[in-house]
Amino acid sequence: MLDSFLIRYLGMNDGQFMTLIDSLIPGLYSFGYALIPDELEAEQLFVDAYSVFVIRESEYIQEVELGDAKERAKVRRFVQAQICSDMVELAAKRTSHLIGLFRKKGDELAFYKLNLLQRAALYMKENMGMSSQALQEILALKKHQVTEVLYNGKALLKELSNTEFVNE
Amino acid sequence: MNELENQVPGGFSAMVNAYLDGNLSQEKSTLVEEIVALNPEASKIFKERTAQKEELKALLPNIEISKNSLSNLKREVREVNKDLVKTNRPSIANRLSSILNTTIFEF
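Taken in sequence, the protein lines are chains F and P. First residue of the first sequence? That's 696 in the working numbering, and the numbers climb one at a time after it. First residue of the second sequence? That's 11 in the working numbering, and the numbers climb one at a time after it.
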């Protein structure tokens, strides 16, 4: 059950925790768009993942210390990783219903020809600057699997970007 | 080239990759910078890897959130918080029953 501490964290519009969440929104929205190329779907993906995170991690949110900059950075990394993980999981369930979006936009960008895991891993590594260790945790993969996903994703992306249909 | 690769444990190329990914300690980052500054071969490898990384990044989507979407999401997040707090706040009846169940006086 959410207790008064959590209510205090979540209820305050200008609370430290909400400031942290607000600062994560632009990056996580862009990540959502990398998973599902549609503005509304990307928004919904973030909101749903945030809800899942708050329900699952209510105890963590109650106990979290946002005192100094080092702690804030640590919490920020944890929250970002958790929400990213939920976004990938939710996107995997929705992708099959949204094939039309990929047909429409996939022809414009080689990136959307990659599979979900490759898109997620490449985006988090290159655009969000996450380490391989973080990718292992977020994607629930072993070290060699992360290396494989990144390697194959990069190779396929380069190959697809050189093919005619992308450059048309 | 081999001499350069052997100069650093794990190989210089791998270290440059880690440097560009921001995964090196301050000490190791400084080492990479020093080698690149002093060794033309290292400088060449560094430039090549940087260019490859930039090329790859250019192929990734990097959509910026619109002001409208940002304010929508900030509002939605607060709505989610409100709903969660509401659904988890005990009802008046529950609070009353918990007060009535509390032993106030012991004889």
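These are computed hints drawn from the structure, not numbers from a lab. None of the values given here were measured: they were computed from a predicted structure. It is possible that part of the hints are untrue.
No more than 25 Å apart at the CA atoms, straight line, and that leaves these computed lysine-lysine pairs for PhoX-like [unchecked claim]:
| hint | chain 1 | residue 1 | chain 2 | residue 2 |
| --- | --- | --- | --- | --- |
| 1 | F | LYS837 | F | LYS788 |
| 2 | P | LYS67 | F | LYS853 |
| 3 | F | LYS838 | P | LYS63 |
| 4 | F | LYS853 | P | LYS92 |
| 5 | P | LYS77 | F | LYS849 |
| 6 | F | LYS769 | F | LYS838 |
| 7 | F | LYS853 | F | LYS838 |
| 8 | F | LYS808 | F | LYS769 |
| 9 | P | LYS54 | P | LYS67 |
| 10 | P | LYS38 | F | LYS765 |
| 11 | F | LYS808 | F | LYS853 |
| 12 | P | LYS63 | F | LYS808 |
| 13 | P | LYS57 | F | LYS853 |
| 14 | F | LYS838 | P | LYS67 |
| 15 | F | LYS849 | P | LYS63 |
| 16 | F | LYS788 | F | LYS769 |
| 17 | F | LYS769 | P | LYS84 |
| 18 | P | LYS63 | P | LYS77 |
| 19 | P | LYS77 | P | LYS92 |
| 20 | P | LYS38 | F | LYS838 |
| 21 | F | LYS808 | P | LYS67 |
| 22 | P | LYS38 | P | LYS54 |
| 23 | P | LYS63 | F | LYS837 |
| 24 | P | LYS54 | F | LYS853 |
| 25 | F | LYS769 | F | LYS849 |
| 26 | P | LYS92 | F | LYS849 |
Exercise. Is the straight-line distance between the alpha-carbon of F:LYS838 and that of P:LYS63 25 Å or less?
Worked result: Holds: F:LYS838 and P:LYS63 sit about 21 Å apart, inside 25 Å.
Exercise. Has the given pair, F:LYS769 with F:LYS849, been kept, meaning a C-alpha gap of at most 25 Å?
Worked result: The given pair, whose Cα atoms are some 29 Å apart, is violated under the 25 Å limit.
Exercise. When you check the alpha-carbon spacing of P:LYS92 and F:LYS849, does it fall within 25 Å?
Worked result: Distance ~42 Å between P:LYS92 and F:LYS849 Cα, so the pair is violated.
For this session: Verify the proposed pairing of F:LYS853 with P:LYS92, using a straight-line Cα cut of 25 Å.
Result: Since the Cα atoms of F:LYS853 and P:LYS92 sit roughly 45 Å apart, the hinted pair is violated (cutoff 25 Å).
Problem set entry | Pair hint outcome, F:LYS849 versus P:LYS63 [Cα-Cα no greater than 25 Å] | With Cα atoms ~10 Å apart, F:LYS849 and P:LYS63 stay inside 25 Å; holds.
Exercise. Is the straight-line distance between the alpha-carbon of F:LYS788 and that of F:LYS769 25 Å or less?
Worked result: violated (29 Å)
Exercise. Quick one, are F:LYS808 and P:LYS67 close enough, alpha carbons at most 25 Å?
Worked result: With Cα atoms ~16 Å apart, F:LYS808 and P:LYS67 stay inside 25 Å; holds.
Problem set entry | F:LYS853 paired with F:LYS838 [C-alpha distance capped at 25 Å] | holds (23 Å)
Exercise. Are the Cα positions of P:LYS63 and F:LYS837 separated by 25 Å at most?
Worked result: holds (24 Å)
Exercise. Straight-line Cα separation of P:LYS38 and F:LYS765 no greater than 25 Å?
Worked result: holds (21 Å)
Problem set entry | Satisfaction of hint between F:LYS849 and P:LYS77, Cα-Cα up to 25 Å | Distance of about 32 Å is beyond 25 Å: violated.
Problem set entry | Satisfaction of hint between F:LYS853 and P:LYS57, Cα-Cα up to 25 Å | Holds. P:LYS57 to F:LYS853 sits at ~19 Å (cutoff 25 Å).
Checked against the numbered hints given earlier, the structure breaks hints 4, 5, 8, 16, 18, 25, 26 and satisfies all the rest.
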